[in-house]
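A.B. asks: Sequence:
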Amino acid sequence: MNAPARRPDAVRNRTRIVEAARAALAESSHVHLNEIAKRAGVGQGTLYRNFPNREALLAEVYRRDVEELVTAASALLAEHEPVEALRHWLDRVIDYAEIKRGVLAALEPAAWQDLVAHSHNPIEGALAHLLDAGKAAGSLRTDVDAPGVLLLISYLGRLERDAWESTARPLMNVILDGLRRQDADPA
26 MNAPARRPDA VRNRTRIVEA ARAALAESSH VHLNEIAKRA GVGQGTLYRN
76 FPNREALLAE VYRRDVEELV TAASALLAEH EPVEALRHWL DRVIDYAEIK
126 RGVLAALEPA AWQDLVAHSH NPIEGALAHL LDAGKAAGSL RTDVDAPGVL
176 LLISYLGRLE RDAWESTARP LMNVILDGLR RQDADPA
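The numbering of the sequence shown is this note's numbering, which starts it at 26 and goes up by one.
Just so you know, these hints were derived from the structure itself, not from any lab.
Bear in mind that the values here come from a model prediction, so they are computed numbers and not experimental data.
Where is the CB? At the ideal position from N, CA and C, for every residue including glycine.
Hints should not be assumed to be uniformly reliable.
Here are the in silico distance ranges between beta carbons for each label pair [unchecked claim]:
#	residue 1	residue 2	range
1	GLN207	ASN59	50 to 56 Å
2	VAL141	HIS105	24 to 30 Å
3	LEU175	GLU60	29 to 35 Å
4	ARG32	GLY182	37 to 43 Å
5	GLU92	ASP202	24 to 30 Å
6	ASP168	SER54	35 to 41 Å
Model the full assembly from the supplied sequences, consistent with the hints where possible.
C.D. replies: As structure tokens, this is what we get:
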């Protein structure tokens, strides 16, 4: 049996709640539900009808970010050459990692470990798709794979919040430059 369709206003409320939570997480890992309800312009009852607890809301923020990151790989390849698509995708990874930091800091270890375990393969698959396109185009090195690149970009988890803006993108550019074939023209 299928779940009943949500009313359009209920869908909008849920979306606003998730967006408000995401914005709050970008500022701090200390997120309070009453603050999120105010930011979203909904009452506490609406928030709790959609998300029975803080963990459910934060998990939804994380899942949506993963879904958007994974979906973006094919869309970016449709719009850009592989290296440029990879650059845009890595920029999204930086944004995703900043929110991920907030979610993981706010959740109990068992909850975030489950989220991370379920997101690893889809993210790795999206990255492999981008890398394969670059290899096929002759613009990326053939001796790298998605697990290796994920290991390289895991440095994002070690950055302090106050160093994020000045460090994350420059280091990601170093990684992208290292992924290029040495004899390929820069994009």
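A.B. asks: The structure should be examined with respect to each hint, and the outcome stated for every one.
C.D. replies: So, going through the hints one by one against the coordinates:
1. GLN207 to ASN59: 50 to 56 Å: The hinted range 50 to 56 Å holds for GLN207 and ASN59, with Cβ atoms some 54 Å apart.
2. VAL141 to HIS105: 24 to 30 Å: Hint holds: Cβ distance 28 Å, inside 24 to 30 Å.
3. LEU175 to GLU60: 29 to 35 Å: For GLU60 against LEU175, whose Cβ atoms are near 33 Å apart, the range 29 to 35 Å holds.
4. ARG32 to GLY182: 37 to 43 Å: Once the Cβ atoms are compared, 39 Å apart, the range 37 to 43 Å for GLY182 and ARG32 holds.
5. GLU92 to ASP202: 24 to 30 Å: holds, 29 Å
6. ASP168 to SER54: 35 to 41 Å: holds, 37 Å
Of the hints listed earlier, there is not a single one the structure fails to meet.
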